[in-house]
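Using the sequences plus the hints, can you model the full thing?
Residue numbers (this note's numbering), protein chains in the order written: chain A, 1 to 387; chain B, 1 to 533; chain C, 1 to 189.
Bear in mind the hints are in silico, worked out from the structure with no lab data behind them. Fair warning: this is a prediction, and the values are worked out from it, not measured in the lab. Any given hint could turn out to be false.
To be verified - To be clear about the criterion: a stretch of chain C counts as covered by chain A if any three or more of its residues have a C-beta under 8 Å from a C-beta of chain A, and this derived list gives those stretches:
(1) 58-70
(2) 105-118
(3) 168-174
Said to hold, decoys possible - Cross-link-like lysine-lysine pairs, in silico, DSBU-like; alpha carbons within 30 Å at most:
(4) Lys20/C / Lys350/A
(5) Lys79/A / Lys286/B
(6) Lys34/A / Lys201/B
(7) Lys505/B / Lys531/B
(8) Lys138/C / Lys186/C
(9) Lys74/A / Lys505/B
(10) Lys501/B / Lys79/A
(11) Lys201/B / Lys88/A
(12) Lys138/C / Lys137/A
(13) Lys188/A / Lys137/A
(14) Lys27/B / Lys15/C
(15) Lys24/C / Lys201/B
C-beta: ideal position from N, C-alpha, C; glycine also.
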Amino acid sequence: MNRGNQCWLMGAWLLLTSLFSSSAWAETQLNLTKGVTAVSREVYDLHMLVLYICTAIGIVVFGAMFWSMIFHRKSKGAKAADFHESTKVEILWTAIPIVILIAMAVPATSTLISMEDNDNSEVTIQITGSQWKWHYKYFDQDIEYYSVLSTPREQYENQNGSFAGNGAEKSEDYLLEVDRPLVIPANKKVRFLITSDDVIHSWWVPAFAVKQDANPGFINEAWTNVDLPGIYRGQCAELCGKDHGFMPIVVEVKSAADYDTWINEQNALTAQAADAELASLSASMSKDELMQLGESTYMAHCAACHQPTGLGLPPTFPALKGSAVAVQGSVADHISLVLNGKGMMPPFGKQLSLKEIAAVVTYERNAWGNDTGDLVQSSDVKAAGEE
Amino acid sequence: MTTETINESLDDTHNDDHHDHKMTGIKRWLYTTNHKDIGTLYLWFSFIMLLTGGALAMVIRAELFQPGLQIVEPDFFNQLTTVHGLIMVFGAIMPAFTGFANWMIPMMIGAPDMALPRMNNWSFWILPFAFAILLSSFFMESGAPNFGWTFYAPLSTTYSNGSTAFFVFAVHIMGVSSIMGAINIVVTIMNLRAPGMTYMKMPLFVWTFFITAYLLIAVMPVLAGVVTMLLTDTYFGTSFFDAAGGGDPVMFQHIFWFFGHPEVYIMILPAFGIVSTIIPAFARKKLFGYSSMVYATASIALLSFIVWAHHMFTTGMPLFGELFFMYCTMLIAVPTGVKVFNWVATMWRGSMTFEVPMLFSIAFVILFTIGGFSGLMLAMTPVDFQYHDTYFVVAHFHYVLVTGSLFSIYAGAYYWLPKWTGNMFNESLAKWHFWCSLISVNLLFFPMHFLGLAGMPRRIPDYALQFADFNKWVSIGGFAFGLSQLIFLAVVIKCIKGGEKAPAKPWDGAEGLEWTVPSPAPYHTFSTPPKVD
Amino acid sequence: MDKGTVQQTDQQINKASNSKVIKKLVLVVFAMFGFGFALVPLYDVFCDITGLNGKTNDVAVTYADNGIDSSRTVKVQFITRTAQGIPWKFEPVINEISVHPGEMKFVNFYAKNNAQREIIGQAVPSVSPGLAAGYFQKIECFCFTQQPLMPGEEVEMGLQFYVDLELPSEITTLTLSYTLYDITDKNDA
Numbered sequence: 001m002n003r004g005n006q007c008w009l010m011g012a013w014l015l016l017t018s019l020f021s022s023s024a025w026a027e028t029q030l031n032l033t034k035g036v037t038a039v040s041r042e043v044y045d046l047h048m049l050v051l052y053i054c055t056a057i058g059i060v061v062f063g064a065m066f067w068s069m070i071f072h073r074k075s076k077g078a079k080a081a082d083f084h085e086s087t088k089v090e091i092l093w094t095a096i097p098i099v100i101l102i103a104m105a106v107p108a109t110s111t112l113i114s115m116e117d118n119d120n121s122e123v124t125i126q127i128t129g130s131q132w133k134w135h136y137k138y139f140d141q142d143i144e145y146y147s148v149l150s151t152p153r154e155q156y157e158n159q160n161g162s163f164a165g166n167g168a169e170k171s172e173d174y175l176l177e178v179d180r181p182l183v184i185p186a187n188k189k190v191r192f193l194i195t196s197d198d199v200i201h202s203w204w205v206p207a208f209a210v211k212q213d214a215n216p217g218f219i220n221e222a223w224t225n226v227d228l229p230g231i232y233r234g235q236c237a238e239l240c241g242k243d244h245g246f247m248p249i250v251v252e253v254k255s256a257a258d259y260d261t262w263i264n265e266q267n268a269l270t271a272q273a274a275d276a277e278l279a280s281l282s283a284s285m286s287k288d289e290l291m292q293l294g295e296s297t298y299m300a301h302c303a304a305c306h307q308p309t310g311l312g313l314p315p316t317f318p319a320l321k322g323s324a325v326a327v328q329g330s331v332a333d334h335i336s337l338v339l340n341g342k343g344m345m346p347p348f349g350k351q352l353s354l355k356e357i358a359a360v361v362t363y364e365r366n367a368w369g370n371d372t373g374d375l376v377q378s379s380d381v382k383a384a385g386e387e
Numbered sequence: 001m002t003t004e005t006i007n008e009s010l011d012d013t014h015n016d017d018h019h020d021h022k023m024t025g026i027k028r029w030l031y032t033t034n035h036k037d038i039g040t041l042y043l044w045f046s047f048i049m050l051l052t053g054g055a056l057a058m059v060i061r062a063e064l065f066q067p068g069l070q071i072v073e074p075d076f077f078n079q080l081t082t083v084h085g086l087i088m089v090f091g092a093i094m095p096a097f098t099g100f101a102n103w104m105i106p107m108m109i110g111a112p113d114m115a116l117p118r119m120n121n122w123s124f125w126i127l128p129f130a131f132a133i134l135l136s137s138f139f140m141e142s143g144a145p146n147f148g149w150t151f152y153a154p155l156s157t158t159y160s161n162g163s164t165a166f167f168v169f170a171v172h173i174m175g176v177s178s179i180m181g182a183i184n185i186v187v188t189i190m191n192l193r194a195p196g197m198t199y200m201k202m203p204l205f206v207w208t209f210f211i212t213a214y215l216l217i218a219v220m221p222v223l224a225g226v227v228t229m230l231l232t233d234t235y236f237g238t239s240f241f242d243a244a245g246g247g248d249p250v251m252f253q254h255i256f257w258f259f260g261h262p263e264v265y266i267m268i269l270p271a272f273g274i275v276s277t278i279i280p281a282f283a284r285k286k287l288f289g290y291s292s293m294v295y296a297t298a299s300i301a302l303l304s305f306i307v308w309a310h311h312m313f314t315t316g317m318p319l320f321g322e323l324f325f326m327y328c329t330m331l332i333a334v335p336t337g338v339k340v341f342n343w344v345a346t347m348w349r350g351s352m353t354f355e356v357p358m359l360f361s362i363a364f365v366i367l368f369t370i371g372g373f374s375g376l377m378l379a380m381t382p383v384d385f386q387y388h389d390t391y392f393v394v395a396h397f398h399y400v401l402v403t404g405s406l407f408s409i410y411a412g413a414y415y416w417l418p419k420w421t422g423n424m425f426n427e428s429l430a431k432w433h434f435w436c437s438l439i440s441v442n443l444l445f446f447p448m449h450f451l452g453l454a455g456m457p458r459r460i461p462d463y464a465l466q467f468a469d470f471n472k473w474v475s476i477g478g479f480a481f482g483l484s485q486l487i488f489l490a491v492v493i494k495c496i497k498g499g500e501k502a503p504a505k506p507w508d509g510a511e512g513l514e515w516t517v518p519s520p521a522p523y524h525t526f527s528t529p530p531k532v533d
Numbered sequence: 001m002d003k004g005t006v007q008q009t010d011q012q013i014n015k016a017s018n019s020k021v022i023k024k025l026v027l028v029v030f031a032m033f034g035f036g037f038a039l040v041p042l043y044d045v046f047c048d049i050t051g052l053n054g055k056t057n058d059v060a061v062t063y064a065d066n067g068i069d070s071s072r073t074v075k076v077q078f079i080t081r082t083a084q085g086i087p088w089k090f091e092p093v094i095n096e097i098s099v100h101p102g103e104m105k106f107v108n109f110y111a112k113n114n115a116q117r118e119i120i121g122q123a124v125p126s127v128s129p130g131l132a133a134g135y136f137q138k139i140e141c142f143c144f145t146q147q148p149l150m151p152g153e154e155v156e157m158g159l160q161f162y163v164d165l166e167l168p169s170e171i172t173t174l175t176l177s178y179t180l181y182d183i184t185d186k187n188d189a
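Dropping the structure here:
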């Protein structure tokens, strides 16, 4: 066997093994999910109904085609017939599809009517999309928080590695995991009020058969009533810019009792956080502490646009390294920009604690050779916010 | 009419001094007003665009070969998907059909040329500039458009990367080109038919282009309007689509899809025409139900104006709106079904042979019908909530546009290549092109249905692990399909350079005036109109 | 020769009828371009009629005293959101009230400018379900006008409304959302 042949064989073998080696085959899903709500099961049944009808029509039509392709070929001595018109047949194959379509439209209409019935919900949650995270706010509760992708950047940034990808081992729920999932009770009608802060997003959880666009300036409604406690995952479904593929949705469905416990916990946590904010005002952090907290906060909230290197993605996302704001400008202006946002940059005042903002500003003013030496404390942030 | 009389009339035309003489070199192509030259230009241009858009798709598929960001940044990925879509729709499919229209309509209706030859030259030559502007934005600081080919506001206005002006200007030029091309087609068909060729005697091919041209004239100006609003929203402070100033981003989608849905049919109706020409030729039997085909085409075109919001079921429409658009959309299945049934009935009890144009046409009927089935599934509003913006939709429109429109273009190209070049193409190489394309295109697009059903959203540069296996297969299919198209290039070049000489009518079942002139078709044909009984 | 003259006249006829068709088609092109823009006001009319997208009236209505239907109670919820780049605190004073159709109600919204510059805010209302939008009648609303606030200034803004007696009976909950935008720059222009 010559060398060229060996190369070919090696290549083919590598290709085949790489195709079949993946362990995920077992989990590979072929069909639509049945989901965990009455509506999602109805949707699944409709999907199967149309699929079966299409398959049946396909068998008849393609069957006739292949029959004539096999038996009516010239090489078999077939002589062409000369019919080319028949009003009867035309009427027949106009009428039959209409009947089939009506048979499909009836169940579709009834499912649609129940999907659009948003009334009489027991829990209402305001969902707001923004580039590129979700914000959940419980109506009538003092609970609101952002939900951000928690897969570490090392897992998906492989550019510097080989083509095979030497990024870190990917976690099981790669790109479908968040820091704080949305929590809802099981067996209760939960209503979602969906809107957006910037561009159009779309909130989609396949297991609930809920997909609703988040339009800036307008609210949309959707509802669900989940039977089965568990964790359900989805993704943003409408192109919303650079990190559209990196804003997953995770919903944790808890039993009614567990949900109540969770609500109480969260209320307690909110109170604690307020206390911690107060405490941080009088505390003074060392540079190391600030830089450490600053780096982790920066990676979670800022690096998507301004990049881990601080170089940004100009012209849309400006660099921070050596920038006017982070080096030459005043500390107060820098804090105000982070708190309030500007143009495409979202405000972080509601999202981060005073301590985190102090740390991230310190980090930005001292990392990547921006050695301004400025240290920012929580009290500075508080003062800037009140000016 | 015999070949002899044609030749006589040809000699006449050469003596007529109002016909310009064939120039040579680059000037021939720059200044040409000849419908055959312009048709050739359109066809080559669209093939170059197909390869360009295909190259972008190859990068997309390479990035999606396995999970993780390997090759491109997410923002550049969005630029790739956007420009891939724009090039394939406005640069590959639409100009290819205009090329067919230019070459074939005058020859099919017995006209000496298109009615407006000088405008014809313009409508082609502004097109390369439009795409030069669009593609040049890749090399600008802002980058290329990154908001999807559907350019939903406010992603394309307030939140765009600065490429909006290039994009809008390019789309305006493409629109002007399409409108001029369409006006030319309508005028030609209305005024230059040979004596005796009544509307209901026109080949179905001509009918589908006639209806398509009307669709273009009706909706391209709406596209021009919506991109103009986009421009003023981005740069001149208007608030058509900005809630802060009393506008509404969802209104953008309504106006866009009012253009967008007829646009979909602009890309498929001519395909129906081509396939309806080829199937009877190789089944050696007249097209079944000619008049019902005409009515079906017209009713599909009319219905296309009242179904646009089926692209927007998840935007928060009231219940009755969802129901209305669901019913109308399902209704489109009826005339489309009639067409498919008619093609099958044409084949039924024919005397079939399977030359390459027929192979592509048969693949068209089967694979387009599969795309139609997934279209019917998407029409059902409740289930569309699950399918919308997933790979299921990507699979659907690629079945309709690649194995639909593109396959019909290949079918037509193989069918008329002997007429265009005067030589027969290399049959076995062409069969390689067909079989490689057929197998790889299904490997490429069929698994996308599964990906979509399993929950993979479209337009994402990286995906969860459960989507990894199918994406690998899809990428391999993509590379194979991309490479297979180079075989077509080889076939065409070989065919132009030489090969077995083609007779005036190389396909024994073919019908129509174009086969009464010699192959290759002389520079001027039908200067004296033929008589049609 | 004969043949030539016949062709010549044929062509003149063609030219004349060509330009007739072209004129018509060009007219259609311009009409459709105009139609694209006409869709903007048409869309608003369509939304008014159908409640598409939950747009409410943007000018004050006068209270039509047609009595109160105390047999029905409708929950009205208020939610607020500040758009990017407007550092205001903006929230309803109460989250939810119950009203009878036909009954006039008055609620307050609180706003405070946390920025160091004067900002002109504009609240944009949206009602869900969209169908209810046409029955939600605002007699007085801060969203009808722009709200300039000096740095640190706070204000309570009023909304006076009633729910129309004709509200479809299947609707029992109505949500009114306000998104607050910074329109200082647009105002300068």
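Evaluated hints:
1. 58-70: violated (count 0)
2. 105-118: holds (count 3)
3. 168-174: As far as the segment 168-174 of chain C goes, the hint holds, because 4 residues have Cβ atoms under 8 Å from chain A.
4. Lys20/C / Lys350/A: Distance of about 65 Å is beyond 30 Å: violated.
5. Lys79/A / Lys286/B: Given pair Lys79/A, Lys286/B holds - Cα atoms ~13 Å apart, limit 30 Å.
6. Lys34/A / Lys201/B: violated (53 Å)
7. Lys505/B / Lys531/B: holds (19 Å)
8. Lys138/C / Lys186/C: At roughly 25 Å apart (the allowed maximum being 30 Å), Lys186/C and Lys138/C satisfy the hint.
9. Lys74/A / Lys505/B: holds (19 Å)
10. Lys501/B / Lys79/A: Holds, at about 28 Å.
11. Lys201/B / Lys88/A: Between Lys201/B and Lys88/A the Cα gap is close to 22 Å, so the pair holds against 30 Å.
12. Lys138/C / Lys137/A: holds (26 Å)
13. Lys188/A / Lys137/A: Holds. Lys188/A to Lys137/A sits at ~18 Å (cutoff 30 Å).
14. Lys27/B / Lys15/C: With Cα atoms ~27 Å apart, Lys27/B and Lys15/C stay inside 30 Å; holds.
15. Lys24/C / Lys201/B: holds (25 Å)
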